[in-house]
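2 protein chains.
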Amino acid sequence: MEEKVIEKLIGAFMFLPGVGYKTAQRYAYKILTGDEQEVKNLASCIIDAKEKVKFCKVCGGFSTADICDKCKNRNSKIICVVEEPKDISSIERVKNFDCVYHVLHGCISPLNNKGPDDIRLKELLLRVNEGDFEEVIIATNPSVEGEATAMYIAKLLKPLNIKVTRLAQGISMGSDLEYTDEVTLSKAIEARREI
Amino acid sequence: MEEKVIEKLIGAFMFLPGVGYKTAQRYAYKILTGDEQEVKNLASCIIDAKEKVKFCKVCGGFSTADICDKCKNRNSKIICVVEEPKDISSIERVKNFDCVYHVLHGCISPLNNKGPDDIRLKELLLRVNEGDFEEVIIATNPSVEGEATAMYIAKLLKPLNIKVTRLAQGISMGSDLEYTDEVTLSKAIEARREI
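In order, the protein sequences belong to chains W and F. Each residue of the first sequence is one higher than the one before, starting from 1 at the first, in my numbering. Each residue of the second sequence is one higher than the one before, starting from 1 at the first, in my numbering.
Chain W with its partners taken away, still in its complex shape (with noise of 0.2 Å):
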């Protein structure tokens, strides 16, 4: 009796990205042997944050109400756009940069089956058209698909004359010259600058 509850936990934990048997297996122990208090805490916040998250139905974050705080508070002319909800968090720990979001929802792989209508474009082309915005970052992923997306929406924005930028690409901040692979190398001498 004890085996089937204690299988089916770890069974539920490799619904976890990157969990296989035995980190699950390891998981559930720590649950059976576990203070009460703080796994009561992680199945109620699991729930919790279940119901309460949604995506906003202006940029497609993550939002606890039908438009999210930033959308609502937030009086930006740029408009960044990133590929999923948790790439917002990670612009967002960039201090002094106040910006708005959209969020695609993937990018345009025909590898994956996702073509322009897959993803959350239509609703970009509103809302840079409907409001008053001055400058359109695209901050896809540096993968293949991350900068087909990012050269279609350029010529998609075209039409409608207002600025579009991509981030820039090059070394990262601490790494070395020597592991820095050719690509990523060639990105950084063809978009050098004068200093």
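If you're looking for bench data, these hints aren't it; they were derived computationally from the structure. Here the structure is a predicted model, which means the values were calculated and not measured. In this text, a Cβ means the ideal position worked out from N, Cα and C, and glycines have one as well. Possibly wrong hints are sitting among the right ones.
Listed below are the simulated BS3-like cross-link pairs for lysine-lysine, each with C-alpha atoms no more than 30 Å apart in a straight line [said to hold, decoys possible]:
1. W/LYS8 <-> F/LYS72
2. W/LYS8 <-> F/LYS86
3. W/LYS30 <-> F/LYS52
4. F/LYS72 <-> W/LYS30
5. F/LYS54 <-> W/LYS40
6. F/LYS8 <-> W/LYS86
7. W/LYS30 <-> F/LYS40
8. W/LYS8 <-> F/LYS57
9. W/LYS54 <-> F/LYS50
10. W/LYS4 <-> F/LYS72
11. W/LYS40 <-> F/LYS8
12. W/LYS54 <-> F/LYS40
13. W/LYS4 <-> F/LYS57
14. W/LYS40 <-> F/LYS22
15. W/LYS8 <-> F/LYS95
16. W/LYS8 <-> F/LYS50
17. F/LYS4 <-> W/LYS95
18. F/LYS57 <-> W/LYS30
19. F/LYS86 <-> W/LYS40
If you want the footprint, here are the derived chain F segments under chain W, 3+ residues with CB under 8 Å [stated by the list, open to error]:
20. 24-34
21. 43-55
22. 63-75
Some chain F residues judged to face chain W by a derived CB distance under 7 Å, without partners named [stated by the list, open to error]:
23. PRO17
24. GLU38
25. VAL39
Following the hints, position chain F against chain W.
Relative to the frame of chain W, chain F by itself:
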């Protein structure tokens, strides 16, 4: 508002062993974007396991009742002593071997302020004294503390005139002599067998 709910969820996930902020964040995003049914299943499995699974009053292993299935149904004359409840499932994976268990819930470890009275030794003595056992296998971990605990238990059981054994130490199956540490190799040489 949404940040608070998500941050609380990330904090709750960090209760799991080996989970830092970044991993907790990944798990939290999976909760927010994953299938609702699976998320609810995870939460209910956690609550369910925590509420139902207690420790068996006889062996100290996990149990959904006062006495676990193994203690209730098995009539083995071999008792296997392990440090933690999770060690039982490791030994259960061995086929064609049948025993009952005794979980110490730790081992003697002066550095962690754990003496002989802090682990379930009295209960072991009582069980061996009153039960009809023929052999005690000491399966504590092959660490310094586990070895010391094994020695201590062996001495403790000596007056009871029962066969006390320890799991063999040597080279792991499938490993490589080149990468075997010298302590293991010396144990393997010491315990060499004629073939």
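Exercise. Does W/LYS4 pair with F/LYS57 here, judged by a C-alpha cut-off of 30 Å?
Worked result: 19 Å, holds
Exercise. F/LYS86 and W/LYS40: Cα distance at most 30 Å?
Worked result: Answer holds: F/LYS86 to W/LYS40 is near 21 Å, not above 30 Å.
Exercise. Is it true that the CA of W/LYS30 sits at most 30 Å from the CA of F/LYS52?
Worked result: 15 Å, holds
Exercise. Is it true that the CA of W/LYS54 sits at most 30 Å from the CA of F/LYS50?
Worked result: 28 Å, holds
Exercise. Taken at face value, is the distance from the CA of W/LYS30 to the CA of F/LYS57 at most 30 Å?
Worked result: Within the cut-off at roughly 20 Å; holds.
Exercise. Between F/LYS8 and W/LYS86, is the straight-line Cα distance small enough, at 30 Å or below?
Worked result: 15 Å, holds
Problem set entry | Satisfaction of hint between F/LYS86 and W/LYS8, Cα-Cα up to 30 Å | 15 Å, holds
Problem set entry | 30 Å limit on alpha-carbon distance, applied to hinted pair W/LYS40 and F/LYS8 | Holds: W/LYS40 and F/LYS8 sit about 13 Å apart, inside 30 Å.
Exercise. Within 30 Å, alpha carbon to alpha carbon, are W/LYS4 and F/LYS72?
Worked result: The given pair, whose Cα atoms are some 17 Å apart, holds under the 30 Å limit.
For this session: Given that the segment 43-55 of chain F was listed as covered by chain W, double-check it with a C-beta distance under 8 Å for 3 or more residues.
Result: holds (count 10)
Exercise. Are W/LYS8 and F/LYS57 close enough, with their CA atoms no more than 30 Å apart?
Worked result: Given pair W/LYS8, F/LYS57 holds - Cα atoms ~23 Å apart, limit 30 Å.
Exercise. Mind checking, does the segment 63-75 of chain F have 3 or more residues with a CB under 8 Å from chain W?
Worked result: holds (count 5)
Violation of the numbered hints given earlier is absent; every hint is satisfied by the structure.
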